[in-house]
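As they're listed, the protein sequences go chains A and B. Note that the UniProt record's numbering gives residue 274 to position 274 of the first sequence, counting from 1, and the numbers run on in steps of one. Note that the UniProt record's numbering gives residue 44 to position 44 of the second sequence, counting from 1, and the numbers run on in steps of one.
Hints listed in this document are in silico derivations from the structure and should not be mistaken for laboratory results. Source: prediction; values computed, not measured. Careful: at least some of the hints might be erroneous.
Since the list can't tell identical chains apart, any single copy or any two copies may satisfy a pair.
Mimicking DMTMM-like on lysine to aspartate or glutamate, the simulated pairs with C-alpha atoms at most 20 Å apart in a straight line are [said to hold, decoys possible]:
hint, residue 1, residue 2
1, 33, 296
2, 33, 287
3, 247, 282
4, 2, 296
5, 96, 296
6, 191, 109
Protein chains: 2
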Amino acid sequence: MKKVMCIPNYSEGRDLDKIDKIVECFRGKEGVKLIDYQPDKDHNRTVVELIGEPEPIIKAVIESVKVAQEVIDMTKHEGGHPRMGAVDVIPFIPVKNVTTEDCVEYANEVGKAVGDLGIPVYLYEDAATTPDRKNLAKVRKGQYEGFFEKIKLPEWKPDYGPQEMNAKSGVTGVSARFHLVAFNVNLNTDKVEIADAIAKKVRHVGGGLRFVKAIGLPLEERGQVQVSMNLVNFEKTAVYQALEMIKSEAKRYGVSVYGTELIGLIPLQALIDSAQYYMQIENFEYDQVLETLLIEE
Amino acid sequence: MKKVMCIPNYSEGRDLDKIDKIVECFRGKEGVKLIDYQPDKDHNRTVVELIGEPEPIIKAVIESVKVAQEVIDMTKHEGGHPRMGAVDVIPFIPVKNVTTEDCVEYANEVGKAVGDLGIPVYLYEDAATTPDRKNLAKVRKGQYEGFFEKIKLPEWKPDYGPQEMNAKSGVTGVSARFHLVAFNVNLNTDKVEIADAIAKKVRHVGGGLRFVKAIGLPLEERGQVQVSMNLVNFEKTAVYQALEMIKSEAKRYGVSVYGTELIGLIPLQALIDSAQYYMQIENFEYDQVLETLLIEE
Numbered sequence: 001m002k003k004v005m006c007i008p009n010y011s012e013g014r015d016l017d018k019i020d021k022i023v024e025c026f027r028g029k030e031g032v033k034l035i036d037y038q039p040d041k042d043h044n045r046t047v048v049e050l051i052g053e054p055e056p057i058i059k060a061v062i063e064s065v066k067v068a069q070e071v072i073d074m075t076k077h078e079g080g081h082p083r084m085g086a087v088d089v090i091p092f093i094p095v096k097n098v099t100t101e102d103c104v105e106y107a108n109e110v111g112k113a114v115g116d117l118g119i120p121v122y123l124y125e126d127a128a129t130t131p132d133r134k135n136l137a138k139v140r141k142g143q144y145e146g147f148f149e150k151i152k153l154p155e156w157k158p159d160y161g162p163q164e165m166n167a168k169s170g171v172t173g174v175s176a177r178f179h180l181v182a183f184n185v186n187l188n189t190d191k192v193e194i195a196d197a198i199a200k201k202v203r204h205v206g207g208g209l210r211f212v213k214a215i216g217l218p219l220e221e222r223g224q225v226q227v228s229m230n231l232v233n234f235e236k237t238a239v240y241q242a243l244e245m246i247k248s249e250a251k252r253y254g255v256s257v258y259g260t261e262l263i264g265l266i267p268l269q270a271l272i273d274s275a276q277y278y279m280q281i282e283n284f285e286y287d288q289v290l291e292t293l294l295i296e297e
Numbered sequence: 001m002k003k004v005m006c007i008p009n010y011s012e013g014r015d016l017d018k019i020d021k022i023v024e025c026f027r028g029k030e031g032v033k034l035i036d037y038q039p040d041k042d043h044n045r046t047v048v049e050l051i052g053e054p055e056p057i058i059k060a061v062i063e064s065v066k067v068a069q070e071v072i073d074m075t076k077h078e079g080g081h082p083r084m085g086a087v088d089v090i091p092f093i094p095v096k097n098v099t100t101e102d103c104v105e106y107a108n109e110v111g112k113a114v115g116d117l118g119i120p121v122y123l124y125e126d127a128a129t130t131p132d133r134k135n136l137a138k139v140r141k142g143q144y145e146g147f148f149e150k151i152k153l154p155e156w157k158p159d160y161g162p163q164e165m166n167a168k169s170g171v172t173g174v175s176a177r178f179h180l181v182a183f184n185v186n187l188n189t190d191k192v193e194i195a196d197a198i199a200k201k202v203r204h205v206g207g208g209l210r211f212v213k214a215i216g217l218p219l220e221e222r223g224q225v226q227v228s229m230n231l232v233n234f235e236k237t238a239v240y241q242a243l244e245m246i247k248s249e250a251k252r253y254g255v256s257v258y259g260t261e262l263i264g265l266i267p268l269q270a271l272i273d274s275a276q277y278y279m280q281i282e283n284f285e286y287d288q289v290l291e292t293l294l295i296e297e
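Could you put the whole structure together from the sequences, leaning on the hints where they help?
As structure tokens, then:
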């Protein structure tokens, strides 16, 4: 059976009644599992995490866009997080028997439906139709307020929906991307310049690993520093590679790794790849993990 | 939802019609998943692997005992594997939301039902009622042929069923045990005495790790040797502990690890525990693995 994740972000994080109406679209639906949702008052934004079968997820997400279109008025929206619409972004992520290409299809299906509701849609990341639209920050630049003008530029013609701004609902970004692994390495030093220097060596832009984004951060209460990373393709750049490169760079400062953090969800294969490296396991298969037998076919 | 494994062994590995009648008990049953079954002609024995909910599994296993009782005649059984009955052994293994104590209950439920069918039953391993019955080899000693006399000894009075031998069906062992991890470490040497010496140091009986059984083996085609292990409680003696102890013992011979093998199914937690050690992960939780969201509740 095909399984996909979808993490729609709604520009409402304060009015629990409105949030409940949106989240209701994901409750009690065959093939849709609501993992979690976190309303954020400061950001005035709610992130919903869904997992399930592509078609029911797509259907429920479109339904939620209709609800958000009714209950959220972007002319009155204030909040700390960058946003461009009532349904700000809808990313699809492959989980099982689904490729990133499949997720690009789902993004187009949702994009078309949202466009048909009168909301301009931009496809981004792996669903982007031009290189300029790959990066969400670039797409969202100027935010809701800026889109009244931005949408008129020929290079920012929406991928779906009207070619003019929807004042009440703003615009929506829909994307497909690979599962991102958030991996932090805490170092036995309080010198943030060391974490910075290591982050620069290990990340792609600095000549490091292709699918690693990294920054250095102080961890003040711990008296330590952290190399905080996003691994954007764990199949090609494995978690252990990032860790081993950090250890190797840390050596020149006589600094060691105190501990690491895997934040949020991590795909089993990412864990297997690193266990296989460190334990030198020959020929280990995904379905040798007992729990994979408990997953619905 | 509770999930358990059960691996019944039947003393028929040649007559595919008979085997099919037995295996049919596990097909198309709600709550019962037939993982695999392997008829072995030389052993004249079929090992069936089941996973699912306790009650449906118990029901199906009892049904299969009735079928085996009809189709297998132990007075005519020959085969290379030690055996004491038509249904030789029925081990239960905890998988999810089930403890070994629960499995002892299931073993008793099945034991009683099998006894009521007129087949003497011995509980062994964690279900054993005396220390002498913990070890299957000890229980099965003398095999089918020997039980006509052995069953008369007061210390070998069956736990359930008649106090005399069932000539057609023999006797059946029912047990509860923890999931066993089969883990082999291949060494860069062809001297089997080194694998032997390391196995002796790492295993429980030799003063090594509490839940490790180990032997040294030659791997002739590879020109290497192997420390072949059963880790009988991976929660208490982790896979990485066994591996690190072998590396440390191998050093005295100047020998290194070429690779390792995890054989068959391994519980996710065993993999997590070792990944956590090698990657120094702080606070990693089982349900951070994405796939655990796909398991039925």
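*State the violated hints by number, sorted upward, taking the hints as numbered earlier in the document.*
Checked against the structure, the only hint that fails is number 6, while the rest are satisfied.
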